[in-house]
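Visitor: Protein chains in written order, with our numbering: chain A, 5 to 373; chain B, 1019 to 1294.
Hints should not be assumed to be uniformly reliable.
[To be verified] Under the rule of at most 25 Å between Cα atoms (straight-line distance), these lysine to any residue pairs were calculated in the SDA-like manner:
1. A/Lys164 with B/Arg1196
2. B/Lys1120 with A/Leu167
3. A/Lys164 with B/Thr1113
4. A/Lys164 with B/Gly1164
5. B/Lys1120 with A/Lys190
6. B/Lys1120 with A/Phe16
7. A/Lys222 with A/Gly197
8. A/Lys222 with A/Leu255
9. B/Lys1120 with A/Glu60
10. B/Lys1120 with A/Gln20
11. B/Lys1120 with A/Glu8
12. A/Lys222 with B/Asp1184
13. B/Lys1120 with A/Arg19
14. A/Lys164 with B/Ser1195
15. A/Lys164 with A/Pro250
16. A/Lys190 with A/Gly229
17. A/Lys164 with B/Asp1184
18. A/Lys222 with A/Glu8
19. B/Lys1120 with A/Arg15
20. B/Lys1120 with A/Ala17
[As the list claims (entries may be wrong)] Computed, partial: chain A to chain B, Cβ under 8 Å:
21. Leu59
22. Ser63
23. Gly65
24. Gly229
25. Ala231
Since the hints were made in silico from the structure, they are not lab data.
Note that CB positions come from ideal geometry on N, CA and C, so glycine has one too.
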Amino acid sequence: MNIELRQIGKRFASRQGQVEALAEIDLTIGDGEFFVLLGPSGCGKSTLLNLLAGLERPSSGEIRFDGQTVAAAGGDVWVPPPQRDVAMVFQSYALYPHLSAFENIAFPLRVGRTVRREIEPAVREIARTLQIEEHLMARPAELSGGQRQRVAIARALVRKPRLFLLDEPLSNLDAQLRAETRVELKRLQRELGVTTVYVTHDQVEAMTLGHRIAVLQKGRIEQIGDARELYDRPANPFVGRFIGAPRMNLLEATWRREGEAVRLHLAGQELVLAGAASPHFGGREEGACLAGWRPEHLHLEGEGKEEKKTSLTGRAGLSEPLGREYLVHVELNGAQLTVLRAGPPPGEGQRVRVRPDPEHLHVFTSPLA
Amino acid sequence: MKTERPGSLPMLVAAIFLLIFCLLPFGYMVLTSFARRPDYLRGNEGLTFTLENYHDILSAQSLHFLDYLRNSLVISGLSAACAVAIAALAAYALTRLSIPGKGAILFGVLAASLFPQVSLVSYLFKMMNALGWINTWPALILPYIGWVLPLSLWILVSYFAQIPLDLDRAALVDGCSRRQILMRVILPVAAPGIFSTFLLAFIFAFNEFLFALVLSVDHRARTIPVGIALFQGLHGQIPWGRIMAASVFTTLPVVALTLFFQRRIVQGLTRGAIKG
């Protein structure tokens, strides 16, 4: 199913007055797409999901399913949740505690007046897909977290909804189970081909699952794109910092062109970047910016004579072993950098040189949000 | 760290003292009900065991004990059922819908229940008299509903508030109407709470004395507390044995129900609805 959100806004009345949860949301989600809403807590991503489910009404704008308006501000059009054919998995799973797993899964079918003899095969089939057949007679209280979560997913998918919504479904699972379930969800969504909107605050989940990701902050969409685009070409410092772990280094800098090269002043030092960095600075001759490098695009070099100013001098701080490599903290005249290093880390307090890749520089002219 | 054991000596002594303090009157009641003479503690006769008192109250037509028991069960049962039904709907609305002044409504209900019964009873008598309902079941059922409703509402609101809102939302997305959410999800999930509320309401109505005294005249509507109190005075002598036997007999169903309902409550309310 194709979903269009046009200029969606949502305001809540609270004790502090009106709170704007969402503003000017424009989105189109394609049929069969796995779409992820990503952002920190309080960014409005769950509100957006509730708007799609019909659990909240928009304060402004319009929502269309396959071209048909299901919600328009001002109460002109309102399709309540039971008529939207939308299924949802809640963060708390929200299983009905008085019903067995079987009856939980069968619940939407029974409410939807499915013919009785079709219910059992449908439940068995989805239970087989999710490998919870042997737990169908158990009450939710007798199931483990992972099993409850599968029951919740089965309940959502059993009636083959047009739209599948998931609100942080993995956040209550332990790390290993989360990784396994993530893969399974991706496979399941691909098999069923159901349009899916997935809410998470975990950028790894977002990148691994989503065809496309919308990064939200303070009720607004910061950027929409696939995982590669968000990682390689973040539109602003917020997306740059939010996507990718360990996080991107950002330093305030001023710059000036010098022929092919760009001369960058940051943290009290001067850095001359080769021509590869030049396109990042646009058409202007000089200016101020936030310069960003991901930790894997910074390289540590031993101290030595350096004439061409292609690296920055700092002092090595703590280093954290990440398994495959080390995350080395470097202090740079008060600024902090993190550098990924494959080899053994320099000793603490040792003077080091940090050489950035000129082509992997991110230049943000907007202030750090 | 050493955990505090409930078996420590001072704790044990205190518990035993408390038990004796609470149960002594009941013990005295039970003993007296089985005694041939109620003044067995005085003089030199001592306690002689008999079932005569029980035989009397159950078989003597003039005492109307079984009529009182029937009246009490029907009146308390219907009152409690109606009150809990109304309170359940009200509690659902109060916990689920955005109603302005929720707190004010709840406190208003509480305030209404704080009126002393005595201040209501004379007007209630006039009203029931005008309706011609004196000495009928409805004359007691209606006031009892109003009387136990605040209690029922408060208990049920706290029960319903514990049921996660996500269950409502899940049911809504699963295709339920508001009425279906209530019937298929909220009421079954709250069943232990509703049941215990019903029991409390029942016990409250069962033990009520003042309204029953004023609004009933004879065995056609008189309830047990009033009936037992009026056992006395037939021959200018107080029949303690029968009073105690009747008291014991009427305590039994309440005790049995309470034991049963305790087990139900322990089951917990929303175990497994959410994580953890």
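Visitor: Each hint: holds or not?
Guide: Against the structure, the hints come out as follows:
A threshold of 25 Å between alpha carbons decides the hint, and for A/Lys164 with B/Arg1196 the separation of about 23 Å falls inside it, so the pair holds. Under the criterion of a C-alpha separation no larger than 25 Å, the hint pairing B/Lys1120 with A/Leu167 is inconsistent with the structure, at around 35 Å. About 32 Å separates the Cα atoms of A/Lys164 and B/Thr1113, which puts this hinted pair outside 25 Å; it is violated. Only pairs whose Cα atoms come within 25 Å are accepted, and A/Lys164 paired with B/Gly1164 is rejected, the gap being roughly 48 Å.
Proposed proximity of B/Lys1120 and A/Lys190 is contradicted: the alpha carbons are some 44 Å apart, above 25 Å. Between B/Lys1120 and A/Phe16 the CA atoms are separated by roughly 18 Å; this keeps the pair inside 25 Å, and the hint holds. Using a Cα cut-off of 25 Å, the hinted pair A/Lys222 and A/Gly197 is violated, with the two alpha carbons roughly 31 Å apart. Of the supplied pair hints, the one linking A/Lys222 and A/Leu255 holds, its CA atoms being roughly 23 Å apart against a limit of 25 Å.
Our distance criterion of 25 Å between C-alpha atoms is met by B/Lys1120 and A/Glu60, whose separation comes to about 21 Å. Between B/Lys1120 and A/Gln20 the CA atoms are separated by roughly 19 Å; this keeps the pair inside 25 Å, and the hint holds. Restraint check for B/Lys1120 and A/Glu8: not satisfied, since their Cα atoms lie roughly 37 Å apart, outside the 25 Å limit. Distance check on the hinted pair: A/Lys222 and B/Asp1184 sit about 24 Å apart at the alpha-carbon level, within 25 Å; holds.
The hinted pair formed by B/Lys1120 and A/Arg19 meets the criterion: a straight-line CA distance of about 15 Å does not exceed 25 Å. For the hint pairing A/Lys164 with B/Ser1195, the CA-to-CA distance comes to about 20 Å; that is within 25 Å, so the pair holds. Taking the CA atoms of A/Lys164 and A/Pro250, the gap is near 39 Å; set against the 25 Å cutoff, the hint is violated. A threshold of 25 Å between alpha carbons decides the hint, and for A/Lys190 with A/Gly229 the separation of about 18 Å falls inside it, so the pair holds.
For the hint linking A/Lys164 to B/Asp1184, the alpha-carbon distance of about 21 Å falls within 25 Å, and the restraint holds. Distance check on the hinted pair: A/Lys222 and A/Glu8 sit about 21 Å apart at the alpha-carbon level, within 25 Å; holds. A threshold of 25 Å between alpha carbons decides the hint, and for B/Lys1120 with A/Arg15 the separation of about 22 Å falls inside it, so the pair holds. Simply put, B/Lys1120 and A/Ala17 have alpha-carbon atoms about 16 Å apart, close enough for the 25 Å limit, and the pair holds.
Hint status for A/Leu59 relative to chain B: holds, with the closest Cβ pair at about 5 Å, below 8 Å. About 15 Å separates the beta-carbon of A/Ser63 from the nearest beta-carbon of chain B, more than 8 Å, and the hint is not met. Look at A/Gly65: its Cβ only gets to about 21 Å from chain B, farther than 8 Å, so that hint breaks. Below 8 Å, beta-carbon pairs count as interface contacts, and A/Gly229 has none with chain B, the closest being about 29 Å; its hint is therefore violated.
For A/Ala231, the interface hint is violated, since its Cβ never comes within 8 Å of a Cβ in chain B; the closest pair sits about 28 Å apart.
Figure legend: structure checked against the earlier numbered hints; hints not met, in rising order: 2, 3, 4, 5, 7, 11, 15, 22, 23, 24 and 25.
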